Each structure stands twice: as C-alpha cells, then as structure tokens.
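Peer 1: If you want the building blocks of each chain, they are given just below.
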Amino acid sequence: MICLRETFYDSSVRYLTHDHKVEYALRIGRLFGSFQVPIALAFLALEPRRIPDEAMVEEFRPLYGKGRLFSITSSTREAEANSKQKVMERLNFHPIRRW
Amino acid sequence: MAAASLIDGFQTLNVRDDSDEIQEHATCLPFNPGPDSGISSQRLDRVDRYLFRLFDKYSDGSMDSKWAKSKDAEESKFKYDKDVFERKDRHEAARALNRHLYWSGGSDDEDNFVSWSSSLLVVLQYAHYRASRCDFREMFLCAVDTNLLPSKVFMRDMDLLAAFSRFDNSDGRDTLLGLQCLRQKKHMHYNGSYYFGEYLSQGALRIEHCCGIVPMAAIINTGLYTLRRELGDPATTKER
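Chains A and V, in that order, are what the protein sequence lines are. Note that my numbering numbers the first sequence so that position 22 is 134, with each residue one more than the last. Note that my numbering numbers the second sequence so that position 26 is 21, with each residue one more than the last.
No lab work stands behind these hints: they were computed from the structure. Here the structure is a predicted model, which means the values were calculated and not measured. There could be a bad hint or two in this list.
[To be verified] Sample of chain V residues facing chain A (criterion: CB under 8 Å; computed from the structure):
| no. | residue |
| --- | --- |
| 1 | Tyr45 |
| 2 | Leu115 |
| 3 | Leu116 |
| 4 | Asp140 |
| 5 | Gly207 |
| 6 | Val209 |
| 7 | Ala212 |
| 8 | Ala213 |
| 9 | Ile214 |
| 10 | Thr217 |
| 11 | Leu222 |
| 12 | Arg223 |
[What the hints assert, rightly or not] Residues of chain V placed beyond 10 Å of chain A at every Cβ, according to the derived structure:
| no. | residue |
| --- | --- |
| 13 | Lys77 |
| 14 | Arg85 |
| 15 | Asp103 |
We treat Cβ as the ideally placed atom computed from N, Cα and C, and that holds for glycine.
Input sequences plus hints: build the corresponding full structure.
Peer 2: And the structure:
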C-alpha cells in the first residue's frame, strides 16, 4: 500500500493507489522527458478529490450536452501494492517534498 | 564651457545594465497590473508549479517547443506586444478578455491571450471534448514548469476578471462579472465551486527548455485509460 500526497489541487489530501497505476504513470511521465517525475505524479493524482471534481464535471456538462458527459468519480480505493519503499524510490518521491 | 557641457553629459549618462531586462522582454510579455487594479505583486507570484495546455491545429495562435504565441502575437496584429494593463482603453481590453474567455471571438477579432490550466484532469477532459473534430494524433498536451519562466507571465483568470469586470459593458448574460460569479458559485449539492484553475499568458512566451509536449495519442497508448478508465469509456465516446 502506498500513500501519495496530491500536490496539484490540495496538498493536504492523501490517497491510495495501485502499484500498476504507478507503473503506467511513470511510463506517461517518461514521455515528458526531464519532467518525468512531477508529470507522473500529476497523472497518478488524477484520482481526484471527490467534491471539486464533481464541480468540474458540472462545469463541463454544457460542452457535452445532456446525458453525454462521462462521469469522473472516485473509484473504489483498494490498496494493493508491493513495497511502499520500492515505489517511492522509483518515483523519487519524498513525503514532504513539495512540487 | 566645454567642461560644463561634458559634466552635464556625464551626469545624464545612464550606465545601467539593461541586458536582463531586454532579454526578458524579448521572451515574454509579463502582466504588470497597476496599484489601481487591486492586485498585489505577491498575488501574481503565486502561480501553480506546473501548468497544462492542450492544443491542436485548430487552436488559435501557435504552440511549439519554443514558443507559446497568442493569435495576435502569431500574426503580429493589434496590440500583441502590449501588456493588457498598459492599454488606455480599459473597456476595449475588457471586451477582448470577454471574447477570449467565452470563446466568442471571430478570426478578425483581437485575442492576445493563451489559456492554461493547473488542472491536468480538466485539460484531459477538454482533449476528449475536442476529439469530436480532431484526431488524438494531432492533439498535443504541453506542460510547463512555471518556476523556470520569468515571474508575472501567468495570471489567474479570476484576477483578470476582478481587474476588468467593471469595465465590461457587454450586453446579455455573457459578461465578465457573470463569469466571475460562476467561478465562485457553490454547487447545489457538492461542497465545491465551478473553478478549474485557468491561467492566462499574453503575447509571445518563450517556453524552450521549460516545457514538455507530447501527442495525446501517445499518452492514451501509454496507459491513460488504465489510470482513468472513465476517460476511455466507449459508451461515452460513442455518443460524442
């Protein structure tokens, strides 16, 4: 189980994520070259806070038309990851590091 | 007589080194709100570390790994090299801001702004919205590290709205004040507001070595839908 600090919306929020999601986030991050780590974190942090994202969905609803908007809601936050330390090292992530 | 003239000449001589200033002006157009704007300098310095922008061939202006240019800067038209706060006619500036934020400008209208967002999620949603008329392979996500750029080159839409809404005399409901109220509006059921972290830059901004630009198709193929399966939900893409 790993616990990441959301840094792009609200630094006070923490949530859990899966190991395989960390892997995919890192792969996407690598596309951005030297921004690999922060962008990987940004993609990982797409698991959003529930409340503001509901508001964002509402904001974009007119663009999609009634009933066409896909919903972004918090999925079940099951935690399964191998080693917290291992993932932290791969992310070069430090709990108190601020981006 | 000659000595006095020489002394006068030396006294008026300016030996200030302007190289940094010239360099900065050549690569960006910072916002400089005056004291009457009510926006403090410290507030302008509080910019999110990473900002995102989605663009494709239909986007106004131009974007590449070196420059982010507004439509006016790209075409060297109107007041492309002038800070919006330097414009004498504030009503005209407010109309230009209104057109940009409401996406209501035509090809002949001036637009010296470029939009960014601190919310990656919103930008990804926007990409899927634009997918109805543009292929993901032709769409690009740009991320900039604002710490590597000069200060004051980005400004929150809310601050610009606060500075210009009183000069906006647009008719109807699409006013800057209306947009300001919407952004602050609380949702009926949820404890959030209708705000998605929009920032604006103006004119031409050199982003070389400060940005990463990746095609949306590459992001999707690398596993975006694994991270957020809702974005790739076929049921929703079918309807779009």
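Peer 1: Could you tell me which of the hints above the structure violates, numbers in ascending order?
Peer 2: 7
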